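Asker: The residues making up each chain are set out below.
There are 2 protein chains.
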Amino acid sequence: MNSKQSGRRRFLKKGGAALVGMAVGGIRPARGQTTEPPIPPEGFRPVGERSRFVKTARIPVRPRSPHSFTPQQDSVGIITPAALHFMASHGHIPPDIDPQEHRLLIHGLVDRPMILTLEEMKRFPSVSRIHFVECAGNSSPNDRSRWVAETIQQTHGFTSCSEWTGVLLSVLLKEAGVQSGASWLLAEGAEEGKHTKSIPLEKAMDDVLVAYGQNGEPVRPEQGFPLRLVVAGWEGVNNVKWLRRIKVTDQPYMTKSESSGYTSLRLDGKARWFNFELGPKSVLTFPAPGGRPLSGRGFYEITGLAWSGGAAVRRVEVSTDGGRTWKDAQLQEPIHRIAHTRFRFNWNWDGEETVLQSRCTDDRGQVQPTLAEFCKVLGISLDYIKTTTNNVSRFNATYPWRVSRDGSVHNALFS
Amino acid sequence: MNSKQSGRRRFLKKGGAALVGMAVGGIRPARGQTTEPPIPPEGFRPVGERSRFVKTARIPVRPRSPHSFTPQQDSVGIITPAALHFMASHGHIPPDIDPQEHRLLIHGLVDRPMILTLEEMKRFPSVSRIHFVECAGNSSPNDRSRWVAETIQQTHGFTSCSEWTGVLLSVLLKEAGVQSGASWLLAEGAEEGKHTKSIPLEKAMDDVLVAYGQNGEPVRPEQGFPLRLVVAGWEGVNNVKWLRRIKVTDQPYMTKSESSGYTSLRLDGKARWFNFELGPKSVLTFPAPGGRPLSGRGFYEITGLAWSGGAAVRRVEVSTDGGRTWKDAQLQEPIHRIAHTRFRFNWNWDGEETVLQSRCTDDRGQVQPTLAEFCKVLGISLDYIKTTTNNVSRFNATYPWRVSRDGSVHNALFS
Chain L
116 MNSKQSGRRR
126 FLKKGGAALV
136 GMAVGGIRPA
146 RGQTTEPPIP
156 PEGFRPVGER
166 SRFVKTARIP
176 VRPRSPHSFT
186 PQQDSVGIIT
196 PAALHFMASH
206 GHIPPDIDPQ
216 EHRLLIHGLV
226 DRPMILTLEE
236 MKRFPSVSRI
246 HFVECAGNSS
256 PNDRSRWVAE
266 TIQQTHGFTS
276 CSEWTGVLLS
286 VLLKEAGVQS
296 GASWLLAEGA
306 EEGKHTKSIP
316 LEKAMDDVLV
326 AYGQNGEPVR
336 PEQGFPLRLV
346 VAGWEGVNNV
356 KWLRRIKVTD
366 QPYMTKSESS
376 GYTSLRLDGK
386 ARWFNFELGP
396 KSVLTFPAPG
406 GRPLSGRGFY
416 EITGLAWSGG
426 AAVRRVEVST
436 DGGRTWKDAQ
446 LQEPIHRIAH
456 TRFRFNWNWD
466 GEETVLQSRC
476 TDDRGQVQPT
486 LAEFCKVLGI
496 SLDYIKTTTN
506 NVSRFNATYP
516 WRVSRDGSVH
526 NALFS
Chain D
116 MNSKQSGRRR
126 FLKKGGAALV
136 GMAVGGIRPA
146 RGQTTEPPIP
156 PEGFRPVGER
166 SRFVKTARIP
176 VRPRSPHSFT
186 PQQDSVGIIT
196 PAALHFMASH
206 GHIPPDIDPQ
216 EHRLLIHGLV
226 DRPMILTLEE
236 MKRFPSVSRI
246 HFVECAGNSS
256 PNDRSRWVAE
266 TIQQTHGFTS
276 CSEWTGVLLS
286 VLLKEAGVQS
296 GASWLLAEGA
306 EEGKHTKSIP
316 LEKAMDDVLV
326 AYGQNGEPVR
336 PEQGFPLRLV
346 VAGWEGVNNV
356 KWLRRIKVTD
366 QPYMTKSESS
376 GYTSLRLDGK
386 ARWFNFELGP
396 KSVLTFPAPG
406 GRPLSGRGFY
416 EITGLAWSGG
426 AAVRRVEVST
436 DGGRTWKDAQ
446 LQEPIHRIAH
456 TRFRFNWNWD
466 GEETVLQSRC
476 TDDRGQVQPT
486 LAEFCKVLGI
496 SLDYIKTTTN
506 NVSRFNATYP
516 WRVSRDGSVH
526 NALFS
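Protein chains in written order, with this note's numbering: chain L, 116 to 530; chain D, 116 to 530.
No lab work stands behind these hints, which were simulated from the structure alone.
Where hints are given, some of them may not hold.
Remember, identical chains collapse to one label, so a pair may be satisfied in a single copy or spanning two.
Claimed, not checked - Only pairs whose alpha carbons sit at most 16 Å apart, straight line, appear in this in silico EDC-like list of lysine to aspartate or glutamate:
1. LYS491 with GLU468
2. LYS318 with ASP365
3. LYS237 with GLU416
4. LYS170 with ASP211
5. LYS501 with GLU373
6. LYS309 with GLU373
7. LYS371 with GLU307
8. LYS170 with ASP213
9. LYS362 with GLU317
10. LYS501 with GLU488
11. LYS289 with ASP322
12. LYS309 with ASP211
Keep in mind the model is a prediction, meaning the values are calculated, not measured.
Turn these sequences into a full structure, and let the hints guide you.
Answerer: See below:
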C-alpha cells in the first residue's frame with residue numbers, strides 16, 4: 116500500500132497549477148472536538164525538561180559561530196536528542212518561520228507547478244526513517260581555522276542521527292509531473308543567505324525525504340523547521356533546511372556551495388566537484404577525549420558509532436593495541452540502513468598506555484580506510500594532510516585515541 | 116561479545132560486599148583533557164528548543180494531577196519525544212535527585228550485596244532497546260473518575276516509546292550472585308511514596324533493563340532520572356522509576372500496588388493479581404478525536420501505532436467501513452520487538468459518515484480483540500463495561516473513531 120504500489124499520482128484533488136498562490140487558513144478544531152484540558156498542579160510540566168543536573172551541551176565550532184557540535188562523548192544508543200543535534204548552516208542563525216505562512220514551491224521542468232502549505236504536505240503519504248546527517252567537514256584533520264581538535268566533540272561533532280518523518284520527494288515530483296529532459300534539481304532554503312544546492316534527479320526520485328518530523332516532533336529550528344531535505348547518506352550540504360523551493364532543471368546550477376565551499380582540491384590544481392555519498396566511518400565515543408576518563412585498570416565497555424552513506428553497517432572491529440590486532444564488536448540491532456549504528460566491545464584494561472580505534476565495514480563490503488590508505492586513495496602524502504590549509508573533507512579514516520596510564524584519553528591521529 | 120557470551124561474572128574489580136557504603140567522588144576531567152569551549156554568538160543555543168510555533172503538549176489526566184498524557188494526535192514515527200512521554204507515578208511529583216548522590220542497593224538473597232553509584236553502573240556492559248511503556252489503565256473505557264474520554268490524548272495517552280539505554284538487570288544480579296531458592300524481587304523507587312513492585316525473577320533474568328538513557332540523553336525526571344526499570348512489555352506499574360533498591364526474595368511482597376491498585380476484579384468477587392504482559396493493541400493517531408479534522412473528501416493517509424507486550428507486530432489491518440471489511444496497512448520497518456510500530460494506510464474518503472479502526476496481530480499470532488471479544492474473554496457484559504465503576508484495566512480492544520460528514524472525528528467505542 117505504499118505510493119509506488121498504489122500507482123496513485125494525484126493526491127491532492129485541488130493540486131496542480133491551481134494551487135499556486137492559494138492561501139490556506141489555519142487548522143480549526145471541528146465542533147465538539149475541543150476538550151479543555153484539566154487544570155494542572157503546581158510544577159506540572161506540559162513539555163518536559165531534563166534534570167538540572169544534566170549539563171551536556173552543544174558547543175560553537177569557533178568563537179562567535181552559530182554552528183555547533185553534538186557532544187558525542189555523552190551519546191548513548193543511536194538517537195541524537197533533537198536538542199543536541201549538530202547545527203551547520205551557511206553562516207546564518209535559524210530563521211523564525213511561522214509554519215502557517217511557510218510555502219514550498221515546486222517548479223521548473225514540471226507539468227503542474229505547486230505551492231504547498233505544511234498542512235497540504237501532511238496530506239501526502241509519509242515515511243519515517245532513521246538516518247544520520249553528517250557534514251562533509253566532520254573529523255576533518257586540518258580545519259585549523261576552526262578548532263584545536265582535542266575532544267571528540269570537536270573532531271566528530273558534525274554527525275547526528277534522528278528518526279525523520281516526511282514525504283518522499285519522489286511523491287511530490289510525481290504529483291508535479293517531471294518533464295522529459297529533466298536531470299537535476301535546485302533546492303533552496305528560506306534562511307537569510309538562501310542556501311542552494313543542486314541535486315541529481317536520480318537521487319531525488321530514489322530516497323530523498325522532505326521532512327517535517329524529527330524524533331517524533333516537528334523538526335527543530337536549527338534543523339530546518341518547518342521543512343527540510345534529508346538526502347540520505349550524502350554530504351550534509353545537500354540536506355537543505357528551511358526548504359522553500361525545488362526547481363527541476365536539466366543541469367546543475369553551480370551555486371556558491373558547489374563552486375567554492377564544497378569542492379575538493381586535487382594535487383594537479385583542479386578540483387573535484389559534486390562529491391555526494393559519504394563513506395564508511397566509525398569512532399569510539401567511550402573512551403574518547405573530552406569524555407569521562409578511565410579510573411584505573413579493569414573492565415570497561417568500549418562503545419562507539421559506525422555509519423555509511425550508502426549502506427547498512429555490517430561489521431565493526433575494534434583494536435586495543437594500536438592497530439596490530441582487531442576483534443569484532445557487537446552491533447546494536449536492528450541495524451538501520453544509512454544510520455548511526457551503536458557498537459560495543461568488552462575490554463579489560465591492564466593500566467598501560469595504549470591506542471584504541473574502530474573500523475567499519477558496510478554491507479557493500481566497503482571498509483573504513485586507515486589514515487595511510489585514505490592518503491593513498493587521494494594521492495596525497497601524510498605530510499600534506501598534516502600541513503595543508505586546503506580543505507580535506509569527507510575524511511573517514513580510522514581515528515585513534517591514546518589512553519595514558521593516568522586514564523586520560525587524547526587524540527592520536529598524528530602521533 | 117555480549118555478556119552472555121563472554122561468561123564474565125564480575126565486572127567491577129572492587130565489586131561485591133566491599134562496595135556497600137562506599138562513597139565515590141565526582142568525575143573529574145583528567146589533566147589536559149579540558150578544552151574551554153569557544154565563546155558563542157548571541158542567540159546560540161547549547162541545548163536546543165522547539166519552535167515557538169509548536170504548541171503540542173502533555174495534559175494532566177485530571178484536575179491538579181501530576182500525571183500526564185502524551186499527545187498521540189501529533190505523533191509521527193515511532194519515537195516519543197522525551198519531553199512528551201506520558202508521566203504516571205503513584206501520586207507524587209518527580210523527585211529532584213542529584214545523580215552523584217544516588218545509589219542503587221541490590222540485596223536480599225544474593226551472595227554479594229552491592230551499592231552502586233551511577234558511574235559504577237556505567238562500567239557494566241550496556242544495551243539500547245526501543246520499547247514502549249504503557250500504563251495498564253491506557254484506553255480503559257470506564258475510568259470516569261479521571262476523564263471524559265473525548266480525545267485520543269485522553270483515551271490512549273498512557274503509552275510512549277523510547278530508545279532506552281542501560282544495563283540488563285540480569286548482569287547486575289549475576290554480579291551480585293543470586294542464591295538458590297530466590298524466585299522474586301522487590302523493586303523500590305526513591306520518590307516520596309516509595310513505590311514498590313514485586314517482579315518474578317524469571318523476567319528479571321530475561322530482558323529487564325536498568326535504564327539511565329532515554330532517546331540518547333539521560334532519562335528525564337518524569338521518567339525516573341537517574342535510574343529506572345524498563346520491564347519490557349509488562350504493565351507500566353512494574354517499570355519502577357527513580358530506582359534505588361532491588362531486593363531478591365523467595366516470594367512476592369503483596370505491596371499496595373499489587374493488592375489494591377492493579378488487581379482486576381472478577382464477577383465472582385475475587386480478583387486477579389499479578390497481571391503482567393500487555394496484549395496486542397493498536398490505535399489510529401490520524402484521523403483521531405482531538406487531532407486535525409478532515410477538510411473534505413479526497414485522499415488521506417490514515418496512520419497509527421501498534422504494539423504488543425511480548426512480541427513484534429506482524430500485521431495491522433485497517434477498516435474504513437465500521438468493521439465490515441479489513442485491509443492490510445503498511446508497517447514502518449525495521450520493526451522493533453515490544454515497541455510502537457507505525458502503520459500507514461492510503462484512503463480515499465467519499466465524504467460520508469463512517470467508522471475507522473485498526474487491528475493488530477503480533478508474531479505469536481495473537482490478535483487484538485473487538486470490544487465484544489474482550490468482554491467475552493473476561494466473562495463480562497457490554498452493559499457491565501459501560502456502567503461499572505470497577506477498574507477494567509489492560510483494555511486492548513479495537514478502538515473505533517467516527518468520522519462525521521463535517522470532517523470532525525469522535526470516539527465511537529460505545530456508539
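Asker: Next, verify each hint and record whether it holds.
Answerer: Verification of the supplied hints:
In this assembly of identical chains, LYS491 and GLU468 lie within 16 Å of each other by CA distance neither inside one copy nor across copies; the values are 29 Å within and 68 Å between. Only within a single protomer do LYS318 and ASP365 lie at most 16 Å apart by alpha-carbon distance; the minimum there is 14 Å, versus 60 Å between protomers. For a Cα distance limit of 16 Å, the shortest separation of LYS237 from GLU416 across copies, 9 Å, qualifies, whereas the shortest one inside one copy, 43 Å, does not. For the homomeric pair LYS170 and ASP211, the shortest alpha-carbon distance between copies (15 Å) is at most 16 Å, but the shortest distance inside one copy (26 Å) is not.
In this assembly of identical chains, LYS501 and GLU373 lie within 16 Å of each other by CA distance neither inside one copy nor across copies; the values are 25 Å within and 65 Å between. In this assembly of identical chains, the alpha carbons of LYS309 and GLU373 lie at most 16 Å apart only when taken from the same copy (14 Å versus 60 Å across copies). In this assembly of identical chains, LYS371 and GLU307 lie within 16 Å of each other by CA distance solely inside one copy; the values are 15 Å within and 59 Å between copies. In the homo-oligomer, the alpha carbons of LYS170 and ASP213 lie at most 16 Å apart only across protomers (12 Å), although the nearest pairing inside one protomer, at 30 Å, exceeds that limit.
In this homomeric assembly, LYS362 and GLU317 come within 16 Å of each other (Cα to Cα) only inside a single copy, at 14 Å, whereas the closest approach across copies is 59 Å. Within a single copy, LYS501 and GLU488 get their C-alpha atoms as close as 15 Å, which meets the 16 Å cut-off; across copies the closest is 71 Å, which misses it. Taking identical chains as interchangeable, the C-alpha atoms of LYS289 and ASP322 lie at most 16 Å apart only when both belong to the same chain, with a minimum of 13 Å there against 46 Å between chains. Taking identical chains as interchangeable, the C-alpha atoms of LYS309 and ASP211 lie at most 16 Å apart only when both belong to the same chain, with a minimum of 14 Å there against 44 Å between chains.
The structure fails to meet hints 1 and 5 from the earlier list, while all remaining hints are met.
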